[in-house]
Structure formats: structure tokens, C-alpha cells
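Novice: Protein chains in written order, with our numbering: chain A, 145 to 368; chain P, 145 to 368; chain F, 919 to 1250; chain B, 919 to 1250.
The set of hints was computed from the structure by calculation and includes no laboratory data. Check before you lean on any hint, since a few could be wrong.
Okay, derived cross-link-like pairs now, BS3-like style, lysine-lysine, Cα gap no bigger than 25 Å in a straight line [to be verified]:
no., chain 1, residue 1, chain 2, residue 2
1, B, Lys1196, F, Lys1204
2, B, Lys1196, F, Lys945
3, F, Lys1242, B, Lys1242
4, F, Lys1242, B, Lys1204
Per the computed footprint, the stretches of chain A lying under chain F, defined by three or more beta-carbons under 8 Å from a beta-carbon of chain F, are [unchecked claim]:
no., segment
5, 155-166
6, 200-211
7, 217-228
Ideal placement from N, C-alpha and C gives every residue a C-beta, glycine not left out.
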Amino acid sequence: MSDSTISGADVVRWIQVYASTIAENRDYLTQLDSAIGDGDHGTNMNRGMSAVIEKLDGATGDDVGGLLKTVGMTLVSKVGGAGGPLYGTLFMQMGAATTGKSDLAMGDWAKAVDAGLKGVQARGKAEPGDKTMIDALTPAAEALSKAAAAAASLSDALRSAAQAAEEGMKATIPLVARKGRASYLGERSAGHQDPGATSSFLLMKTAADTFADAGRPRADRKNE
Amino acid sequence: MSDSTISGADVVRWIQVYASTIAENRDYLTQLDSAIGDGDHGTNMNRGMSAVIEKLDGATGDDVGGLLKTVGMTLVSKVGGAGGPLYGTLFMQMGAATTGKSDLAMGDWAKAVDAGLKGVQARGKAEPGDKTMIDALTPAAEALSKAAAAAASLSDALRSAAQAAEEGMKATIPLVARKGRASYLGERSAGHQDPGATSSFLLMKTAADTFADAGRPRADRKNE
Amino acid sequence: MKKLINNPDDVVREALQGTAAAHPDLKVFFDPHYIVRADAPVQGKVGIVSGGGSGHEPMHGGFVGMGMLDAACPGEVFTSPTPDQMLEATKAVSGGAGVLHIVKNYTGDVMNFEMAADLGKAEGIEVEAVVIDDDVAVQDSLYTAGRRGVGATVLAEKLTGAAAEAKATLAEVAELCKKVNDQSRSMGMALTSCVTPSAGKPTFELGDDEMEIGIGIHGEPGRERKKLAPASGIIEQIAGTIIGDLPFKQGDEVLAFVNGMGGTPLIELYVVYNELTKILDGKGVKITRNLIGSYITSLEMAGCSITLLKLDDELTKLWDAPVKTSGLRWGV
Amino acid sequence: MKKLINNPDDVVREALQGTAAAHPDLKVFFDPHYIVRADAPVQGKVGIVSGGGSGHEPMHGGFVGMGMLDAACPGEVFTSPTPDQMLEATKAVSGGAGVLHIVKNYTGDVMNFEMAADLGKAEGIEVEAVVIDDDVAVQDSLYTAGRRGVGATVLAEKLTGAAAEAKATLAEVAELCKKVNDQSRSMGMALTSCVTPSAGKPTFELGDDEMEIGIGIHGEPGRERKKLAPASGIIEQIAGTIIGDLPFKQGDEVLAFVNGMGGTPLIELYVVYNELTKILDGKGVKITRNLIGSYITSLEMAGCSITLLKLDDELTKLWDAPVKTSGLRWGV
Ligand SMILES: Nc1ncnc2c1ncn2[C@@H]1O[C@H](COP(=O)(O)OP(=O)(O)O)[C@@H](O)[C@H]1O
Ligand SMILES: Nc1ncnc2c1ncn2[C@@H]1O[C@H](COP(=O)(O)OP(=O)(O)O)[C@@H](O)[C@H]1O
Ligand SMILES: [Mg+2]
Ligand SMILES: [Mg+2]
Ligand SMILES: [Mg+2]
Ligand SMILES: [Mg+2]
């Protein structure tokens, strides 16, 4: 079904890379949130991901499901705001979908992302087009399912998911928000990129960057 | 003793000219007070002199002493701050010194200004050099007494008083304040001209401008 | 950024330490953060819990005490607190009669309180949640997250606190909270933006001659940006929108709450109150109770909000009941 | 200028109209302006009158009521009121036991109150005046107008109000007022200037990274301008100067009053209070009472002041006595 699988250690690495990417993009995310929200999305996500990194210290990734659940629960108790429950649910549902696994095949990953997305939708009740993180995650999950069905290579699948997320993120710019704080602005929310869609794109992008190396020998990997 | 006398109508005219001069210099006085005080001297004096003008509406000046007392009492009840009691006392004491008079000879004027100054000193306990209105009034009063003793002309006497007040005012610039709000600044008060000395100079200047014409026929007067 | 703080990351914790030191009537807990009245749990009394982002002080921590909240959960500045804080607070004030969560209608607050309620119920505590959504600046439609919870929150905390003190049941207190919310309308405006400690610069830029009408309490931009105007015109627009929305009618008795956003001095709030009385007089609406001051704030934002609550005998009596908190106190 | 006002010249009058509408416990008079408690004069009780420029709200009008002031005279913004206001207020609260004037030490206030006391005495009312001068930022020397009256004024109004309510004589109340002043020290700082409505622009300009230490309450520049620093350093300097001046010593019990200048949010005042407790703990000085909030303000100025009052049993009991004003209320 795929050229390789994602190991538990890869998942740990992905979380670490995502945490440092969030740290690098903290001010950018906050700036996006200042335009149509309350200017805390970067700080919130960074506080959460820093706590996750502390929590995961020494984690091996033998139990991917347990690992992802821990990430989700840490985010729930450290982030607050909308981002906390939403990203918390995303990871908790990804964890539930991968319970007991130590390696993920591409189909497992596609299912996990889809489960996470469904969790976010159940929690936040947003539809695609509402100008939220859903707008980045939905096309990414669809791209993964399609790639899994077409038996594409893992790295191609991850790349297409990241690209779909990026397009979804950019497509939030002209939208008028219908969920979250930005919806209070009405028409004034149009013309700005959604911060949550941006952090979700980064999630898919870091997955592609990290897992694309998954099949290759350690020495050739770029994210170390 | 002098080339002419100051009539009650002249005194009324002086008050009016002083009121409009204060109105013109309102922002300037306030700006001086912002630097070393609380930025209200112009507004305060203007509020007071506007009330005086309303109060004096139709006043003939038959009783110069009564007129000046009314000016003083109006200032006391309309100005507030340091300026209210000080200028109020100045005019009330000038009024007391001219009780019952309908015309003032130059000596009467010199005595009135001296009485006003003494009132301000009794009320405010400031010495010359403390960086207050006293620093403009003292040299003016001295110039008037000297001129009266030397039997100078009224217009020369008034001009020399205004000039002495101006020099006194300017001499406040390097001084460190020892009375009033400016004293809280300590050394930082040096380098700024005292607002009260400035409004007192304007008082002496408008007197010179108005009364210098006192002896001439109405048609030649410039302040009408 | 000009603030009397140390490290921006430590503001909430240090302010809570200050609160703990200042008010012996309160117990303050850390990690997770929550504040409870020192005599909690009061046996047989419904516990009232609220919470939200910090930066709105005195709300909510300043309203913990006899006759008002049993506990408050402060989040990071302008960020909803987390379910674990709410759960611990809920457990700490549960005296056997159930716990009411008063939730301001923001996506984050609603979701976090939902999770906390689930956790509380799982521990065997009866929990009811009432969502406050009184901000008429926001349309309540399919196309928004609904109206924001603003000034009515303060009133709901006071009134439910009084009812709980009088041993009303959880169902009654929740019903009362909904009634307060239904009968309240609010709207706010800003003359300046606030600056969150973490961002370090104004959330929005406003020209020297501009104001934002219809703002929330988190430095969100408002419904429209306008040229600065005299208080009379501003209050006419805000009060008019509020009055028309419920609507408040001739003969109604109301509580008028003129709230400062944090950076507006009291003298201006009294000018605003004066304008408001003129407008309500003109409509035949009678102010029988009032509250004037900075009670639900946005850090140092300059501006105000107005809340009107339609009163009846029940609400008036509950308003007058004793309250003993650091932010609101009378009768004791 | 960004303010919720109409015409700058009408701010004081309109705020007073708002006060009159808001507080039925007060009677507000115009031309001359003064505020008295509705039940004045209280027969056989010493009347307590204070006053000063407007712009310091809630002081003084917000402190009129049972257990505190009998009357307040509001001047124009930052301008001492006039003797006729003070005379009318004095007459209105004279219940036969004499009247105390609490005067902040500013040249204007002192001179106007002096004239008013003379006028009151001429009308047969026994008047005592006590001048408050607690600001350690100013040297009390032959070369200044003496120390300014700041935070201790609020405390003196509360404490003398309680004593008068307990029917102390005029001599006793005046003595108490002097004692409160003698045992109090204050100092303030500003992060921003205020803007008087009539000037329309900041009284002083401060850089983005600067603060003024040792300011008064009228937008006067302070003793020194410094680079902005963390709260810990600022409070160390201010508290250190205060503590050293009296001096406050190990074992002393104090009331700690952390005051906001008008534009500083409450969350920062609690950060300041937290710093203050650490410093006083370190010196062995015990805070047994506190007051935290914006009580003596400079319009919208951002900044704070700290006042420490050395307590004894008498003062502590008077502090705890009931007070019912719009600005300060407990026990009733
Ligand atoms: N109901 C919702 N469903 C999905 N995502 C949402 C919803 N509401 C808000 N979001 C996302 O959350 C982001 C804001 O997160 P954050 O700033 O951390 O929280 P808050 O809005 O509470 O400050 C938005 O940009 C949006 O993508
Ligand atoms: N003790 C004093 N004696 C004489 N003049 C004084 C004294 N104190 C202050 N002044 C004068 O008053 C002026 C300030 O007046 P004003 O601004 O109206 O009052 P305030 O200082 O109360 O705001 C000062 O510039 C100074 O000239
Ligand atoms: Mg946000
Ligand atoms: Mg002045
Ligand atoms: Mg937020
Ligand atoms: Mg003044």
C-alpha cells in the first residue's frame, strides 16, 4: 500500500518539529489573530506545544495512540481558548484511531487525520467555508484518503495533503467568518487569512516534512 | 504731579482690555503652566476674566474702589487654584486703596498697585525670587513709586512699570521655583518662564496701553 | 508597551499572588489556577462558578465571595481557561446542591466549559451551564458564533449569587440566570485599543480622531469605525441600539450599568450616565438601580459599555441583597 | 484628545448631573457646585468637608456619605474649588458640632480653604482645617510649597468620617486627621501623561520607554524621568523611599494602599501589590489592612501610587467601621 510506514519515533519527531515550527511562527500567528480575533493564537499554541514537549520528554512512541492522546490532553489543559479544545480534540481523536499501534501505514495515517477532523467538527460545529482550521484540515484529509485509495507513495500522499491544506488556508482569505471570534466582525473579516487554518496547514506541512523521510535510513534524514 | 489722571471709565476699559488680552493669551499661559505646573493658568484666568466682564456689564466706574473690589471678589469665586485667591486679593486690595475715588492720580495708582502687591504677598507668602507673579509685580510697583516720587508723567510711569514687569517676568526663567506647584519640580523648574509672572506682566502692560491714552481726547485713543 | 508588570508571561500568576495576599476571604490555587471563597464548599448551597480570560478585572476573581461567585477560573489574558481549572473549581465549591457554570458566549469558553461540565458530571456533580450572550453589536444568526457575553455577566453573577445564597435549587438558579440574560442587552465602544502583555502592541490601530463602535472585551475590532463624536451622539447610538433590541418600553424599570473598559476615568463614566438618563427619560424608561464603574474591562482600553437589564421585584430584591466581594460590596 | 465628553467646559457640570441622577443618597448643588449627603446636616455630628480639583474621581465626591465625608467641593479639572463653594458646603453640613476641612497641600487649595474658613467663622461656624501633605516625592523645605497631599487624603477622609460618625468632637477629629497625616507616606509614578479636557493634549510628553517617578496627581511632571523598568524595580524604589521616610520599622502594622492613577487596569495593581508585599515582608512590616484600586486619580493617566499608613488599634477600628459612599462601601 505504501513505500514505507510511520514509526512511533517518527511521530515523536513530528510533534517536536511542529512545536518548534509553532515557536518560529508564534508572532505571525498572533498577528493574523490580531486582525480578526484577539491576538493570542500564536501565544496559545506555543504555550501548549511547549508543555507537550516537556510532557513527551523521553517518550519512545511505542504506543502511537497513547502518545497522541497525551498530546491532546496536554493541549486541552494548557492552551485554553478555542484552540485548546479544538487541537486537543484533534490529537485525542487521532490517538483513539491509532490505539495500540506502534507503526502507521499510510492508510492508518489517513484514517487518523480524518478521525481528528471529525472530532474538531463535532466539537466546534464548523462547516467548510466558515473560515476556520476546518478549511485547511478538510482538503488535507481528503487528499490523504484519495492517495490511500490510489495506493500512492507515502511521501507523495503527505505532500499532496500539505499542499491541499495550504490551498485551503489561502482560500480562507476572501471568506467571511461564520464561526469563532472572527465571525463578530462580519464582512470586516474578509481579506484576512484565518490563524487556525494557518496553524493547521503547518501541522500538515511538518508531517510531510518529517514523515517523507520515514522510509529512508536515519543518516539521510533532513529534520535531525 | 502728573500730566493727567485715570478716570473710572479708564479703569473699566483697562479691565476689558485685560480680559481680551487674557483670552488671546489663554493657550500661551496654559502652555507655560504645563511646563512647570498643571496646565490650567490660561483657562483659569480666562474663566475668571470672562465672569468679570459679565459682572461689570454697564459699570460706569464712578466708584473705582468698589469696581476693583467687585473684580477681585468675582475672581475669587470664579478662578480657583492659586490664581483665584492671588489675583482676587490683588484687586480687592487695590480696591481698598482706592475706596470712594472716581479718578486716580498717578500717586493713587502707584499706591493701589503697591497695596495689591502687599495683599498678594500676605496671602501667598512668596518672596521676590521665588519664581511667582511677585517677581513681575514687585519691580512694577517700585517703578511706579519711583516715578511718582520723581513726578514723572503718567504715561512714562506706566511704561516704566510695564517694562519693569517684563524684565521681572523674563528674570523668572532661570529661577528655581520655591512657591506654588512649580516648586515640586525642584531644579527642573529652571529654564521656564513663570505663568503667573506672565499674566501679571500683561496686567501692567495693558494698564500702560490703556491709561497712557487717559489724558488724550477720546478720538485719539488707540484702544477703542 | 507600558505596563506595571514584570515578565509578560507571569502577569496572571503574579496578579493572583497579589490577590491571595490581599484578600483573606479568598483561597487562591495555582496549577491549575482558580479562586474560591474561603468558606467553600457551602453545604446545601448551589455553587456558582464562572471564569474566562484574564484582563477583565475585577471580573471574575473580584466577584468571588458571599452573595456572588463561589469560584472563578482565570485563563491567560483574553484566553478562556481550561477544563481542568473549571473541574477543580467545580469540585471545590460543590456543597451537594449542584454547581452552575456561568459561561460567556465565546467559542473557546463554551467548548472548555462543556468539557469541564462533562468531567464534573463524570465525578457525580450535578452541573448546569448557562451561556450569556447579551451583546447587541453582534448579530445572533447562523452566520456568527452568536452574540458575545459581556456586561450582563456581571449582573448574572450578582443575581444568581444572591439566589444561591437564599438556597434556591440548581434548576431555579439556572432559570434565573437565563432570565437575567434574556432581559439584558449590552453594547460597547472603544476610544483606544488595549495591549496584551504577550503581543506588546495595540491589537488594533485607531486614528487620533477615530473610535470603534460595537467592540467586544478582548480588543477585537468592533462593528464599525467612526469619527470621534461627542458623548451625546455616541451614547445615543449605543443606547438606541440596546433599547430597540429587547425592546425596552415606556414604563419599564431597568438597572443601568455604565461600565468603563479599563482606561476611561470615572468622571467620563458619569458624563455617559448623564447622557443615558436623558435618553431613557425621553423613552419613559425608569432607571431604578444603577452600577457605574469599571467592572468588566479590556485591560487599559479606553471606552465604555452600557448594559440595561429589565427589572422586576424579584430581580430588584436579589440585586439589593448583601454581597461581599473585593469588586462589589454592600449590605455587609 | 480622546474622551467620552461633550464640550470640555461642561465636563464637571455634566459629571455632577450624572452623579445627582445616580445617587439618591446625595444632594448635588450647582453654582456654586457642591455635593452633600442627603441627610445633612447631621445634628450634633462634626461635619467633614473636603474638596479639590475635579479629575481625581472617585475622590472627593465619591466619598460623600455615611461614615466618610459630609460634603465635597469639586473645582474645575485640576483646579482648587473656590471659597464660596466651600462656604456653602460648610453651612450645609454644620450640625452644631463644628466642621473639619480636609485640605490637600497645594497653594491654591490651602488659600481657598483659608478664605472659606474665615467666611465660615464669620457666619458663626466653628471650622478647623487640617492640611494633608504625605507625598515623599517632594521635599518639605523652605524651598518648596511643602509636600503635596495625595493618597493619605482618602484614608483621612475615611478615618475622620468614622470618628465623626461616632460623635467625636471637632478637636478630636482634627487631632485624628493630623495623626493620620503624620503616620502616612505616599509616592506615585506615571507611565503616561493625562490630558486635561481644556488643554486637549498631554500635559507632558513621555517617550515609549520612559516613565516619570514622583509625580503628583495633576499631571505635573515628577521628580525624575527614567527608563521604563519591571514592576519589581519600580516598586522597590517607591516603597523604599516611603519606608525610609517615616520610617516604617520591623513589627509595624500598616494599611497598604495601592492606587491606580486612572488608566491602569486592576490586574496591574495586583501585580504591584504582590511586589509590595514581598518588600514589606522583607522588612518585617505587616500589612493588616489594604485598599487596592483607583481611588485618587489623574484623569486617564497610567501609573500608580503607594500609600502606607502606620496602624494602631484606634485606626484599625475606625477603618473597619461602616462606610456607605459610591466610592468606598462596607459594613452597611
Ligand atoms: N467553531 C470552530 N470550529 C473550528 N475552528 C474554530 C472554531 N472557532 C474558532 N476556530 C479556530 O480557532 C482559531 C482561533 O484560535 P485561538 O485564537 O487560539 O482561540 P480564541 O478565538 O479563543 O482566541 C480560529 O482562527 C479558527 O481557525
Ligand atoms: N505662594 C504664591 N505666591 C504668589 N504667587 C504664587 C504662589 N503660588 C503660585 N503662585 C503663582 O500662581 C501661578 C499659578 O497659577 P494657577 O496655574 O492659576 O494656579 P495652580 O497652581 O493652582 O494651578 C504661578 O505661576 C505663580 O506665579
Ligand atoms: Mg485568539
Ligand atoms: Mg496651574
Ligand atoms: Mg483568545
Ligand atoms: Mg491648577
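Novice: Taking the hints in turn, state whether each one holds.
Specialist: These are the hints, each one checked on the structure:
Among the hinted pairs, lysine 1196(B) with lysine 1204(F) is inconsistent with the structure: their alpha-carbon atoms are about 49 Å apart, more than 25 Å. Annotation: proposed proximity of lysine 1196(B) to lysine 945(F) holds, straight-line Cα distance about 19 Å (limit 25 Å). A C-alpha spacing of about 14 Å is found between lysine 1242(F) and lysine 1242(B), which places the hinted pair at or below 25 Å, so the restraint holds. Proximity of lysine 1242(F) to lysine 1204(B) is assessed by CA-CA distance (about 24 Å); at most 25 Å being required, the pair is judged to hold.
Counting residues of the segment 155-166 of chain A whose CB falls under 8 Å from any CB of chain F gives 0; the rule of at least 3 is not met. Note: the segment 200-211 of chain A has 0 residues with beta-carbon separation from chain F under 8 Å; the three-residue rule is not met and the coverage is violated. Coverage of the segment 217-228 of chain A by chain F holds in this model, with 9 residues showing a Cβ closer than 8 Å to a Cβ of that chain against a need of three.
Going through the hint list in order, the structure does not satisfy hints 1, 5 and 6.
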